[in-house]
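Colleague: Letter by letter, the chains look like this.
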Amino acid sequence: MDESIHELLAAHPARDGALLPLLHAVQEALGHVPPAAVPLIAEHLSLSRAEVHGVISYYHFFRSSAPGKQVLQVCRAEACQARGAEALLAHAETRLGCASHHTRADGAVTLEPVYCLGLCASAPALQINERLHARMTPAKLDALLAKEGL
Amino acid sequence: MTNSIVKVFVPRDSAALAVGADEVAEALRHECQCRGLNVELVRNGSRGLFWLETLVEVQTPQGRIAYGPVEAADVPGLLDAGLLQGGEHPLRQGVTEQIPFLALQERLTFRRVGVIDPLSLADYEAHEGWAGLRRALGLDSSAIIQEMLHSGLRGRGGAAFPAGIKWKTVREAKADQKYIVCNADEGDSGTYSDRMTMEGDPFMLIEGITIAALAVGATQGYIYIRSEYPQAIATMNEAIALATAAGFLGASVCGSGQAFHLEVRKAAGSYVCGEETAMLESIEGKRGVVRAKPPLPALSGLFGQPTVINNVITFASAPIILARGAQAYRDFGVGRSHGTLPFQLAGNIKHGGLVEKAFGLTLRELLYGFGGGTASGRPIKAVQVGGPLGAYVPESQWDVPLDYEAYTAMGAVVGHGGIVVHDDTADLSQLARYAMEFCAIESCGKCTPCRIGSTRGVEVIDRIRKNQNRAEQVILLRDLCDTMTHGSLCAMGGMTPFPVLSALNHYPQDFGLAAPDQAAA
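Protein sequences appear in the order of chains V and Z. Here our numbering = 1-based position in the first sequence + 3. Here our numbering = 1-based position in the second sequence + 151.
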């Protein structure tokens, strides 16, 4: 990890509002922002570790631990609820044997609710491994999961 | 078969990609190659007729002919039926511009979206692109502000504050550095007009932001885009690079000697960062915690400097106002709500999509005239207008004209124009509970009414639903909502009572209360 972190730090010099772009870069490269990276980032941007940790923990997008090999995000905002999102999320939990906000014990998949993917006219929507899918049904979700080997 | 090149359009909008547009495009490319057909595939934005996505269009002498919803498996059959000549097929929707959903709109801001290749500077130029900026470059900055003031344009993010007044305040502020910040943190459920703009006509947004920069003397701008919109982020970044290379951005905007640099900042999944001061904190690299106002961001905004903050649609409206003149824009709308709003039909709606219309039409026209009723075929029960912090509007109010003042008067908000439809299977006490739950999840935590009130709100609604001291708990819920409305620092806690109380007032039976509440408002 150390080597890649140092490369990323070098590519993101301190400037106005540098922290979020740097955290995005770290998460994009490593899949999460490891706690061990926090002091390095803090020193690089002349911030306290508390400030960096505070930012990481504040934002839903940043992860402090690695997610499962695959990530399923099911939208549960109002427009998707109006088209059965709650049932779809419950179906995903049962089908995957994994509770929302959790990674399955075998590390194969992480299941997360999200609040709006912007596909509100094609609800319900979800995202598997950053690929969007709209007009979902439990049956279509089963087919998608099977295709992903889940 | 003809050998001349036929233009075929397959959208690259996220909502099209989510129903297989890439697969359709690939199938078209492959089939046409196999059949020796000469096509030019254009990846346009979406027309906003989402029930027809993937909407494939073919350029013919009669105009663009639409087919949809197309799946990859339909492609060979479509080509057999003469797709490239606009041939008959069960999926054929006729001339795109004549589809009633589109023909009945008044598209100003969205006039190019779905029409052009979003990343073609030539396409943009050929469709009135940069005309507003070029006019602005010939005007004194105070004259640009005057145009904005006269247009009557109000902030399209939801707060509806006159854009011209905001710009004027920043212009008159004395500072070495001024900023433009575009709020593209479109977190409201039921809204996607910002996303469609960024994915479908990014140069329009760049043009509008640049006009604002010229008007106030800003040299640096940021577009804060939510992380849930990777396609919009990629498209904006590409468009900024192209516009910079072409001289529309950079050290000297169109050779005017005025510098303006523009940069995308990726958000990180916090809903409250759509609140302008929380967004500033986030761009500065901090936790997205709301700031107390005053000072106004117009005077002390990003990094403490005077800052124009507007929503995507507000900036995107500036080019046409400058290009066609303020009066032409002002003539649309009613009362003090001038111009058009891109309404977004979402949720349980048969024909979901974007409807840009002048203010003043009614919800009923949108729901039935455009939307065609529910997708489930059941009766519409409740409609949430203006995002998760907007009120649930019952049928008795569907004939009120959609304008800012009329909606405020009935205890609702137009907001960012999101319209989420629920059929008669919806449980409004469940949706009210969700509103409190959402507030609890997304509260920045700075003020107590929002941070604690939302959690207590979930508990109180749970007790009402379980009939534990129901009558007392309803009084408690109203009292709690009053505290949140008047004691919260920003709209997050301050407006969560809108969905909660509107659900309680208009749908008391869902809370186990017998008689409709006469005090409803």
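Don't read these hints as lab results, they were simulated from the structure. Any given hint might turn out to be false.
[As the list claims (entries may be wrong)] Facing chain Z, a subset of chain V residues (Cβ under 7 angstroms, in silico):
id: 1; residue: Leu11
id: 2; residue: Ala14
id: 3; residue: Arg18
id: 4; residue: Ser125
[As the list claims (entries may be wrong)] Sample of chain V residues with no beta-carbon within 10 angstroms of chain Z, all distances over it, derived:
id: 5; residue: Glu54
id: 6; residue: His63
id: 7; residue: Arg86
id: 8; residue: Ala108
id: 9; residue: Ala124
[Said to hold, decoys possible] Label-pair ranges, simulated between beta-carbon atoms:
id: 10; chain 1: Z; residue 1: Ser292; chain 2: V; residue 2: Gly152; range: 29 to 37 angstroms
id: 11; chain 1: Z; residue 1: Ala273; chain 2: V; residue 2: Glu133; range: 39 to 47 angstroms
id: 12; chain 1: Z; residue 1: Leu300; chain 2: V; residue 2: Ala90; range: 48 to 56 angstroms
id: 13; chain 1: V; residue 1: Glu133; chain 2: Z; residue 2: Gln660; range: 38 to 46 angstroms
id: 14; chain 1: V; residue 1: Glu6; chain 2: Z; residue 2: Gly476; range: 37 to 45 angstroms
id: 15; chain 1: Z; residue 1: Val551; chain 2: V; residue 2: Asp145; range: 38 to 46 angstroms
id: 16; chain 1: Z; residue 1: Ile156; chain 2: V; residue 2: Ala32; range: 41 to 49 angstroms
id: 17; chain 1: Z; residue 1: His412; chain 2: V; residue 2: Glu6; range: 26 to 34 angstroms
id: 18; chain 1: V; residue 1: His104; chain 2: Z; residue 2: Lys325; range: 45 to 53 angstroms
id: 19; chain 1: V; residue 1: Glu6; chain 2: Z; residue 2: Leu255; range: 35 to 43 angstroms
id: 20; chain 1: Z; residue 1: Glu222; chain 2: V; residue 2: Ala13; range: 45 to 53 angstroms
id: 21; chain 1: Z; residue 1: Leu270; chain 2: V; residue 2: Pro141; range: 34 to 42 angstroms
Even for Gly, the Cβ is constructed at its ideal location relative to N, Cα and C.
Colleague: Does each hint fit the structure? Answer for all of them.
Modeller: Tested hints:
| no. | hint | verdict |
| --- | --- | --- |
| 1 | Leu11 | 15 angstroms, violated |
| 2 | Ala14 | 16 angstroms, violated |
| 3 | Arg18 | 10 angstroms, violated |
| 4 | Ser125 | 5 angstroms, holds |
| 5 | Glu54 | 8 angstroms, violated |
| 6 | His63 | 4 angstroms, violated |
| 7 | Arg86 | 6 angstroms, violated |
| 8 | Ala108 | 25 angstroms, holds |
| 9 | Ala124 | 3 angstroms, violated |
| 10 | Z/Ser292 x V/Gly152: 29 to 37 angstroms | 59 angstroms, violated |
| 11 | Z/Ala273 x V/Glu133: 39 to 47 angstroms | 31 angstroms, violated |
| 12 | Z/Leu300 x V/Ala90: 48 to 56 angstroms | 50 angstroms, holds |
| 13 | V/Glu133 x Z/Gln660: 38 to 46 angstroms | 42 angstroms, holds |
| 14 | V/Glu6 x Z/Gly476: 37 to 45 angstroms | 59 angstroms, violated |
| 15 | Z/Val551 x V/Asp145: 38 to 46 angstroms | 43 angstroms, holds |
| 16 | Z/Ile156 x V/Ala32: 41 to 49 angstroms | 42 angstroms, holds |
| 17 | Z/His412 x V/Glu6: 26 to 34 angstroms | 32 angstroms, holds |
| 18 | V/His104 x Z/Lys325: 45 to 53 angstroms | 49 angstroms, holds |
| 19 | V/Glu6 x Z/Leu255: 35 to 43 angstroms | 59 angstroms, violated |
| 20 | Z/Glu222 x V/Ala13: 45 to 53 angstroms | 47 angstroms, holds |
| 21 | Z/Leu270 x V/Pro141: 34 to 42 angstroms | 37 angstroms, holds |
When each numbered hint is compared with the structure, violations occur for hints 1, 2, 3, 5, 6, 7, 9, 10, 11, 14, 19.
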